Amino acid sequence: MIRTESLNPDKIREGLQTRHIGSQVVVFDSTSSTNDLAAQYGRNPDNHGLAIFAEQQEAGRGRAGHRWLSPPGAGILCSIVLIDSPLRSELLSLTAAVALAEAIGGGARIKWPNDILLNGKKVSGILLDASVCDTHRIHCLGIGINCHQGRDDFPESLRDSATSLDIETGLRVDRVVLAKRLLAALDLWMERAASDEAAVVQQWQQASLQLAHRVTLCFNGERFTGNCIGVDPQHGLILQLDHGGVRMFEAAHSSIVKE
Amino acid sequence: MAPENSDLKMVKELIAIMKDNDLVEVKIEHGEDKLCLKRSAGQAVPLASLPQAAPPQGVTPAANLPGTGAQPPDETAEGKEDLIDIPSPMVGTFYEAASPDSDPYLQIGSHVNPQSVCCIIEAMKVMNEIKAEVSGTLSQILVRNGQAVEYGQVLFRVKPD
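Those protein sequence lines, which keep their order, are chains A and B. With the numbering used here applied, the first sequence covers 1 to 259. With the numbering used here applied, the second sequence covers 260 to 420.
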């Protein structure tokens with residue numbers, strides 16, 4: 001059982017100077033998924049910027065139907081409600097990755113498109129749900145950060161690829177401080193992205209784990225290996241393939257197998 | 260049509276305009292000359308200087324696949340012309356339900372209205388809720404759960420009210 005400080009909405013809001021993100025903060029002890037809650041809150045346009053935290057998720061979601069696993073109180077499980085964001089979904093997803101990497105710090109790198117890794121292991125992930133309600137575009141930006149997990153808290157199959165901030169830093173991270181940093185970074189980068197998309201792309205590329213490294217990916221069910229010679233955050237990875245030739249792999253149909 | 264170099268320049272300019280204005284389709288007709296450019300929402304046209312990625316794999320009808328609840332297209336019993344297509348608005352991965360534990364949004368025979376959510380298309384970890392935008396009864400499901408889909412690929416066919 002992990003003993004932990006609890007997340008408190010007042011403490012998270014205290015001193016937080018953001019324009020939109022975290023304008024309201026709610027914390028739940030337990031929920032199915034913070035993104036499911038965000039979808040409900042998103043029906044009210046007044047909830048733009050609302051940050052929903054949960055100490056525990058019963059059905060946290062990841063990509064391709066994967067579960068996001070986190071013992072109670074061990075991580076940051078958060079969803080941000082965004083109504084009529086000026087950013088298109090793909091840019092929003094990348095902007096969130098840049099902000100998340102900045103909030104985590106410590107040399108956090110981005111694994112395309114938006115996983116966050118520390119020392120080569122996944123410490124945080126993003127899932128963005130996009131929908132339309134009446135005339136409003138709604139985005140539910142779900143973020144999970146592993147904080148207090150020990151190695152044994154991860155299933156054996158994930159122990160080589162997943163980690164937590166406590167494991168990597170050797171310190172006990174303060175989740176309230178991290179939550180504040182996350183909301184502030186999201187607010188800053190989303191504001192910046194609206195007027196200077198290139199700044200987001202540049203920052204994303206600087207933090208990219210793949211550029212100039214060997215990558216194996218699965219594209220439409222087939223494996224390809226090569227050196228990554230270009231990363232276009234919105235369109236895909238460009239590989240110099242081992243078997244010759246240069247190809248761009250469309251993001252939506254590709255997944256990284258290993259670096 | 261103008262000389263080749265001029266055409267290429269025009270196409271490049273059109274691509275830039277599409278990108279700048281987030282357009283997904285442009286059609287130009289001038290006499291007998293016709294030009295149609297399409298791209299998926301939020302996705303740019305592939306880099307012109309690089310070889311194209313492999314062409315998309317053919318659509319595998321979901322007929323008879325276990326667990327999908329999909330039905331084979333039946334062009335004879337019910338004329339296709341009577342049905343309305345619901346195409347994918349983007350490139351991505353098709354999901355029939357909000358999560359692995361949830362029931363599919365639609366089944367054959369489900370009634371839909373323009374606001375009915377019919378599926379999720381995932382692109383770059385963005386889960387996009389797709390609405391029917393038509394009213395009627397679901398007649399065909401043409402893709403299977405987890406399948407990669409292309410821009411404009413028909414996902415469902417609906418018999419209008």
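Be aware that one or more of the hints could be misleading.
[Said to hold, decoys possible] Taking beta-carbon pairs under 7 Å as the criterion, some of the chain A residues facing chain B (in silico):
#1 Pro86
#2 Ser89
#3 Glu90
#4 Ser93
#5 Leu128
#6 Asp129
#7 Ala130
#8 Ser131
#9 Thr135
#10 His136
#11 Ala251
#12 Ala252
#13 His253
[What the hints assert, rightly or not] So these bits of chain A aren't anywhere near chain B, every CB distance computed over 10 Å:
#14 Asp10
#15 Ala59
#16 Pro71
#17 Gly73
#18 Gly106
#19 Arg109
#20 Val132
#21 Thr169
#22 Arg172
#23 Leu178
#24 Ala199
#25 Asp242
#26 Glu250
#27 Val257
Read the hints as simulated data drawn from the structure, not as lab findings. Note that the coordinates shown come from a computational prediction; the quantities given were computed from them, not determined experimentally. No residue lacks a Cβ here, since even glycine has one placed at the ideal position from N, Cα and C.
Name the hints, by number, that the structure is in violation of.
1, 9, 10, 15, 20, 26
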